[in-house]
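Undergrad: This is what each chain is made of:
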Amino acid sequence: MDFGEIKQLLLANDPAFWARLKTQTKSARDFEELFLLSSLRKKAHARKLENPSAQAKRIRLAILGGYSLYPLHELIEHLCEVDGSPVELWQGDYDNYISEIMDDDSELYTFAPHVVFILPAERRCTYTGHLTDTRELQQAEAQRVVDGVLDLARKVNEKTRAEVITTNFMLPARHDLGAFRSRTLGSDWSFRKWVNLELGLNAPSFLHICDWEFLANRLGGLAARDERSWFESKQPCSSTLLVELAREVAQLIFSLKCAPKKVLVLDLDNTLWGGVVADDGLEGIELGDTSPRGEAFKAFQKYIASLKQRGVLLAVCSKNDLDKAQEPFQKHPEMVLRLDDIVSFKANWEPKSENIRAMAPELNLGLDSFVFVDDNPAEIEIVRQFVPEVTTILLGADPSDYVAQLADCRLFEPRSITSEDAERTSQYRSDAQRKALEATVTDMASYLESLQMESVMSEFVPVDVPRLSQLINKSNQFNLTTHRRSEAEVIAVMNDKNFAGFSVRLKDRFGDHGLISIVIGEKVGDTMKIDTWLMSCRVLKRGVEEEVLNELVRLAKWKNCSRLAGVYLPTPKNEMVRDFYGKMGFTLTAESETKREFELRLEHFSPRETKIKIVRQAYAGQ
Amino acid sequence: MTQAEVIAQLQTIFDTVFLEPVVLTPAISAKDVPEWDSLTHISLMVAVEKSFGVRFRVGEVENTKNVGEFADLILKRKLEP
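If you're matching them up, the sequences are chains A and B in order.
Numbering-wise, the numbering used here puts 428 at position 428 of the first sequence, and it's gapless, one number per residue.
Numbering-wise, the numbering used here puts 30 at position 30 of the second sequence, and it's gapless, one number per residue.
Source of the hints: derived by calculation from the structure; they are not laboratory data.
Don't be surprised by glycine CBs; every beta carbon is placed ideally from N, CA and C.
Check the hints yourself; a few may be wrong.
Derived lysine-lysine pairs resembling DSSO-like cross-links, with alpha carbons at most 27 Å apart [said to hold, decoys possible]: (1) 50/B - 22/A; (2) 7/A - 78/B; (3) 65/B - 234/A; (4) 26/A - 65/B; (5) 262/A - 50/B; (6) 50/B - 234/A; (7) 43/A - 76/B; (8) 43/A - 50/B; (9) 7/A - 31/B; (10) 50/B - 42/A; (11) 48/A - 50/B.
Chain B regions said to be covered by chain A (calculated; three or more residues, Cβ under 8 Å) [to be verified]: (12) 21-32; (13) 65-78.
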């Protein structure tokens, strides 16, 4: 790294020094580089060279632990300031952290920190007994270490309301103990792994783990340590790892006040697949398991899909004709991402900066929550220049590195848990529980019974209208006719006596699925025509279809009809219900390319048995 | 490599680390250079070890009294197999 230019800027008292400092700090990996940049920063302050983008408000950060915190504190201070969250530091004395925390009158509390960073001493995280002691004995001691750290964190938080960051523990990197290492909890290796796991899994919401084990592992165990620097100046780790540790703390502090990014905007050609679809054609692009390059692009798509699952919105921004750009999403068998994964699809010949700018109001999100990914430096540059709020990632030359580039970008990390997250997590969890149960129950009937399903059927009511219209307009697969309806049209159906529409809600012992099915019947003479029958695929094969039919028959009789008439209108997406009416006992009466017609005579119908308890029927009391 | 050559190479490292120019001589030591505190010292040592491809033994840098002795230590470590 070259320091000539930045020094000149400093000596000339040029405010451009600060932007340069930020860029160089970002790319500095070596301790001495970062350290030098930090001394330049301090000299700039001494020379009263003002940082134009500096924030007045400083976060009060206390650092304490079982090591010399010098020069770690210097690196943290530097990185936080350059990140735009400057800190005012208080440092504990070497290995004095326990009394600094336990003593109510300690300087730590006079300082009134917003954030407290603790590095508990590694030498206290070791089993003091014999390697062959019982597991109970060893585990009890490991538990005491975990409780010790948690108690310190709790005490600090109670006294100061500060967010607390604690490191966990590095693992040993020497062969000592050999294969026996992992057969006992008494080895430092196993002991610390256990402590780290328990610490993370039991951390209260105010406590953030600075995962030292992970950082050391990422760097390499041997490179992570430096015994000499411990003996000479009580350094916690090698100078290289010290940089990574400081970066992690700065990142944690930064993330306390900044929300993660919400939208990932993707280029298409040579980003999601190899080649140019408009030139090479659908068959010519590289994607999928037939070539190494194709496999790499597919893996990238899978990673992107996993981001979507975590809640990141996906968008496309490509210089292409729309139909050509969308073709792979619709027709390529190896595509992982499909059109309904994409919340905004811009393929045209306008500048990408303009396209991305247009997405923000469309998605009702600020541009600063967008990340744009492209393999073309010119496109990255235009977005950087014209929509600087957007974070950009320039993909490298090798698609096998794409996943790593996104996985290391640190822009989409889940943050401290909000109630909303918790709710989502409980939803995930109940799904997992359900699946676990499915695996243990051998036959379907007893599985369905064990779910303790309850369903509420309701005529259309005003409060449901937005949800009804939403489901009517987005449901594609289990949808017999794909008749779309606006909110006004749903209200029209609701108020027309010739229509009998109802919605279905379902819950089971793991959670509430909400409104999952909609049916609209229209009375024409003595026939109830099924105008709409759609259902969320999440609840397929639970018996909902059967209960809906029971309800439909009941309502048809109530409206003095003697037959049900159903029609299947094929679309590219609803193949799954092509034979649905047949399976439900209807008779096929007419068939053509564009439609299949069925009927069910009500006098022959006997209600279907399911494992769902119907709590309420539609039009109850009318 | 002579002591003078080592000091010349050290000079380039010091020029990078320090903002105010320092002219190294065998007699100069940390107390003569205002910017050379214990913090910059750590950084200097990391840079010196990298630049010369040497590794000092625990505690021995502390025992050198000035740049001349420090240069001799570098020479000694460089001559080791």
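Undergrad: Checking one constraint from the list: CA of residue 50/B to CA of residue 234/A, max 27 Å. Satisfied?
TA: Since the Cα atoms of residue 50/B and residue 234/A sit roughly 21 Å apart, the hinted pair holds (cutoff 27 Å).
Undergrad: Please verify whether residue 43/A and residue 50/B have alpha carbons no more than 27 Å apart.
TA: Status holds; Cα separation ~25 Å.
Undergrad: Just to be careful, I want the Cα atoms of residue 26/A and residue 65/B compared with a cutoff of 27 Å; is the pair within it?
TA: Cα-Cα ~37 Å, so violated.
Undergrad: Go check the segment 21-32 of chain B versus chain A for me, would you? Three or more residues, Cβ under 8 Å, otherwise it fails.
TA: This one is violated; 0 residues, fewer than the three required, reach chain A with a Cβ under 8 Å.
Undergrad: If you draw a straight line from the CA of residue 48/A to the CA of residue 50/B, is it 27 Å or shorter?
TA: violated (33 Å)
Undergrad: Holds or violated: residue 50/B and residue 42/A, Cα atoms, limit 27 Å.
TA: holds (25 Å)
Undergrad: Are the Cα positions of residue 262/A and residue 50/B separated by 27 Å at most?
TA: Roughly 42 Å between the alpha carbons, so the hint for residue 262/A and residue 50/B is violated.
Undergrad: At least three residues with a C-beta closer than 8 Å to a C-beta of chain A: is that true for the segment 65-78 of chain B?
TA: It is violated: at least three residues are needed, and the segment 65-78 of chain B offers just 0 whose Cβ sits closer than 8 Å to chain A.
Undergrad: CA of residue 50/B to CA of residue 22/A, is that 27 Å or under?
TA: The given pair, whose Cα atoms are some 25 Å apart, holds under the 27 Å limit.
Undergrad: Between residue 7/A and residue 78/B, is the straight-line Cα distance small enough, at 27 Å or below?
TA: Not OK: residue 7/A and residue 78/B at ~31 Å, beyond 27 Å, violated.
Undergrad: Hinted pair, alpha-carbon criterion (27 Å max): residue 65/B, residue 234/A. Please report holds or violated.
TA: holds (22 Å)
Undergrad: For a C-alpha distance cap of 27 Å, please report whether residue 43/A and residue 76/B respect it.
TA: Violated, at about 35 Å.
Hints 2, 4, 5, 7, 11, 12 and 13, counting from the list given before, are not met by this structure.
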